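Colleague: Turn these sequences into a full structure, and let the hints guide you.
Below are the chains, spelled out letter by letter.
Protein chains: 2
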Amino acid sequence: MDKLENIGRLARSSSRILEKASSENKNKALVAAASLLEEKNAIILNANQLDIESAKNMGIQGAMLERLELSDYKIQLMADGLRSLSKLDDPIGKISWLKTQPNGLKIGQKRVPLGVIGMIYESRPNVTVDVFGLCLKTSNSVILRGGKEAIESNKAIVSILKEALKNSDLPSDVLQLIEDTSRESAFALMRLNKYLDVLIPRGGNALIQSVIENSTVPVIETGVGNCHIYVDENADQEMAISILINAKTQRPGVCNAAESLLIHESIAHEFLPKVGKKLNEHKVEIRGDTLVCQILPFAKKAKDEDWGQEYLDLIISVKIVRSIDDAILHINQYGTRHSEAIITNDNDHAQKFLEEIDAAAVYVNASTRFTDGYEFGFGAEMGISTQKLHARGPMGLKELTTIKYIIYGKGQIRL
Amino acid sequence: MDKLENIGRLARSSSRILEKASSENKNKALVAAASLLEEKNAIILNANQLDIESAKNMGIQGAMLERLELSDYKIQLMADGLRSLSKLDDPIGKISWLKTQPNGLKIGQKRVPLGVIGMIYESRPNVTVDVFGLCLKTSNSVILRGGKEAIESNKAIVSILKEALKNSDLPSDVLQLIEDTSRESAFALMRLNKYLDVLIPRGGNALIQSVIENSTVPVIETGVGNCHIYVDENADQEMAISILINAKTQRPGVCNAAESLLIHESIAHEFLPKVGKKLNEHKVEIRGDTLVCQILPFAKKAKDEDWGQEYLDLIISVKIVRSIDDAILHINQYGTRHSEAIITNDNDHAQKFLEEIDAAAVYVNASTRFTDGYEFGFGAEMGISTQKLHARGPMGLKELTTIKYIIYGKGQIRL
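Chains as they are written, first to last, in the numbering used here: chain E, 1 to 415; chain P, 1 to 415.
Because the hints were derived from the structure by calculation, they are not lab data. Small disclaimer: the values here were computed from a predicted structure and weren't measured. Do not take every clue at face value.
Stated by the list, open to error - Some residues of chain E that are not near chain P, with every Cβ distance over 12 angstroms (derived):
{"#": "1", "residue": "ILE43"}
{"#": "2", "residue": "LEU50"}
{"#": "3", "residue": "ILE52"}
{"#": "4", "residue": "ASN57"}
{"#": "5", "residue": "ASP72"}
{"#": "6", "residue": "SER84"}
{"#": "7", "residue": "ASP89"}
{"#": "8", "residue": "ILE160"}
{"#": "9", "residue": "ASP173"}
{"#": "10", "residue": "GLU281"}
{"#": "11", "residue": "PHE298"}
{"#": "12", "residue": "GLU310"}
{"#": "13", "residue": "SER339"}
{"#": "14", "residue": "SER385"}
To be verified - One side only, chain E facing chain P, incomplete, derived with CB under 7 angstroms:
{"#": "15", "residue": "ILE107"}
{"#": "16", "residue": "VAL198"}
{"#": "17", "residue": "GLN209"}
{"#": "18", "residue": "GLU213"}
{"#": "19", "residue": "MET239"}
{"#": "20", "residue": "SER242"}
{"#": "21", "residue": "LEU354"}
{"#": "22", "residue": "TYR363"}
{"#": "23", "residue": "ARG392"}
{"#": "24", "residue": "THR402"}
{"#": "25", "residue": "ILE406"}
{"#": "26", "residue": "ILE407"}
{"#": "27", "residue": "GLY411"}
{"#": "28", "residue": "ILE413"}
{"#": "29", "residue": "ARG414"}
Claimed, not checked - Keeping only pairs whose Cα atoms sit at most 27 angstroms apart, straight-line, the calculated DSSO-like set for lysine-lysine is:
{"#": "30", "chain 1": "P", "residue 1": "LYS20", "chain 2": "P", "residue 2": "LYS194"}
{"#": "31", "chain 1": "P", "residue 1": "LYS194", "chain 2": "E", "residue 2": "LYS277"}
{"#": "32", "chain 1": "P", "residue 1": "LYS28", "chain 2": "E", "residue 2": "LYS352"}
{"#": "33", "chain 1": "E", "residue 1": "LYS303", "chain 2": "P", "residue 2": "LYS194"}
Cβ coordinates follow ideal geometry from the N, Cα and C atoms, glycine included.
Modeller: Here is the structure:
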């Protein structure tokens with residue numbers, strides 16, 4: 001992969017230049033890129049049409065085709081995203097602390113870019129623009145490896161973004177697209193340790209697992225969410241139904257949607273028929289344990305593997321638990337450490353749940369759908385980390401940076 | 001590896017209990033462990049003697065044998081280390097921020113343990129105690145996989161530490177030692193994603209590279225340091241010599257020791273004979289470029305691979321550069337992103353070096369030997385990270401933790 005080696009080298013060397021760019025310069029480039037995307041939207045839509053046709057020929061349809069398809073409106077949203085990024089605070093260069101040691105050494109901690117970020121992702125071409133914007137804002141070079149189904153759209157978008165970089169006197173090499181969409185190119189990227197500081201996969205579980213298995217570059221694991229709603233014995237049941245229906249049905253295909261409902265046994269006979277009726281109205285298939293199936297005749301019997309499933313569809317697993325401890329044990333065993341919620345009016349139970357659940361975001365009396373960089377007030381989002389190293393939960397700008405220690409001496413030596 | 005699966009399960013389940021332990025309880029356990037190590041030092045020394053004998057039979061000698069060998073004094077140092085940890089601030093449970101969103105959701109960020117930390121390391125049995133203390137203080141379970149040359153010492157130490165945990169009403173399962181020291185056990189640990197949150201290798205370059213190559217568990221890369229001292233054209237030359245001799249010779253076997261000297265060409269003819277004489281006095285072998293060999297007749301000719309070497313020995317590579325830009329380019333190409341120093345009286349050059357060098361710690365007019373958790377005032381150290389994700393530079397207590405978002409609602413759903 002000589003070509004990839006070259007892409008890596010260009011990304012690395014241009015990242016040294018980008019690191020020195022002023023916030024003003026970067027923000028101007030973001031706004032320029034937004035305008036150029038709008039101006040040249042016909043080019044993007046034409047390229048996207050080629051992808052759509054190939055996709056249809058390959059038999060792709062439904063949600064996947066929708067994710068791939070662009071429109072004037074979607075291009076407008078991408079451009080707006082870049083403009084809002086330009087208004088956010090730039091984390092790069094900030095000195096978090098500077099202290100003088102007893103020996104007179106002044107030691108400071110400074111925020112710096114990660115350097116070169118790799119991204120492997122599927123279908124949605126808007127990710128190309130989002131990731132470009134987040135990386136430019138944080139002075140990182142980025143190497144993109146999108147899916148083959150979106151290659152024409154990605155090529156058109158990247159070419160426009162590179163033009164905007166040039167027009168703004170920034171090196172266009174900070175944005176690299178791998179046009180080879182073979183499996184081999186993805187595997188080669190996973191081993192490009194010499195030039196990559198981090199690799200972020202965004203997509204389905206299979207893609208993410210493959211990156212974890214094969215990458216020697218440090219990875220930030222994102223996205224898989226088997227999120228639970230636990231309805232405690234003294235929950236406000238109307239609130240519980242409203243939250244569950246929102247978490248399950250508002251956008252069933254996203255990672256912070258609920259996939260499993262746990263109910264305290266003392267309220268099962270009262271609560272299940274009510275929530276079952278509502279789920280039915282929303283065409284949600286219920287896969288329940290034995291007791292659930294006894295109470296709800298229309299429920300299907302859950303298999304063992306249902307408890308670990310991220311359906312991303314109008315399906316939910318439902319289980320009766322004997323206590324909050326049982327609920328916590330079940331969630332810590334089957335959850336993916338993404339987002340988990342308890343519905344309760346008992347403060348001690350709320351506190352216990354918050355403390356003992358091992359997940360990026362733990363909720364009391366709210367929908368898991370709020371796990372999102374914008375909803376959390378970060379102004380941007382690179383994905384949702386489900387690992388514990390470096391970043392956990394929604395990743396904003398700060399998560400795309402690292403620190404460096406700077407030390408000022410007057411000839412100090414170690415004794 | 002059914003046994004390892006069991007070790008993982010025990011470490012994970014006990015970590016849930018440890019997470020709820022009070023700071024007071026953990027600190028008492030640290031002090032109790034310190035006393036028990038002192039009380040039972042004969043048991044440790046006897047076990048260590050077995051390791052020493054096997055090591056001698058295997059032909060191990062010199063620095064490696066020294067690292068393996070324990071003494072009353074070394075056990076005292078380990079115990080003192082645990083006592084000082086007990087006096088440090090506990091990061092766990094701190095709420096860094098809590099804010100109310102426009103929709104009334106209260107979102108907070110809380111500091112929590114990583115969970116289960118894996119550690120693969122070589123020879124030095126004091127690492128066993130240090131890592132136990134750091135993990136206990138931060139409420140993490142730890143799975144240790146030490147080298148086979150130290151196995152008897154490690155077993156004796158771990159058994160005493162587990163006794164101290166029990167005496168302090170903490171689960172002794174939070175400390176796990178893998179007694180199987182085969183290569184297979186190390187590889188199995190590298191793939192124990194189900195139970196491990198992070199894996200930290202400590203040891204030589206070969207060990208660290210093997211972990212990076214083979215681990216699917218997130219890794220924090222530590223330790224390899226090809227550190228440079230760049231002597232600028234207007235440096236205080238006496239200071240430069242003092243810093244270089246300290247960085248090269250005070251402890252040549254450690255990762256923050258200097259391995260390479262870069263000199264601005266305008267001072268080469270004046271400075272090189274002076275520094276060469278001093279290096280000679282300290283029995284440091286010089287491997288120089290062509291010009292260096294012309295000026296210093298006793299210097300050996302450096303090969304290409306010398307520029308990337310971490311000698312960990314009384315050897316130094318020396319190169320003449322034409323400018324500070326050349327020096328920065330060379331360091332960013334051959335350095336390992338550990339610690340780099342410039343010696344200069346020119347503020348602009350100092351600033352340029354601090355900004356453009358890509359390393360965990362960048363020094364102006366001080367020895368690279370200061371890159372250390374204690375010297376930086378962190379009160380503890382888990383190793384020195386040379387990667388950019390999660391932790392960079394000396395890792396203290398905070399680097400052994402992560403965050404969790406806690407969200408309080410009143411029935412909010414996403415619109």
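Colleague: Taking each numbered hint in turn, which are not upheld by the structure, reported in ascending numerical order?
Modeller: Of the numbered hints, 13, 14, 17, 31 do not hold.
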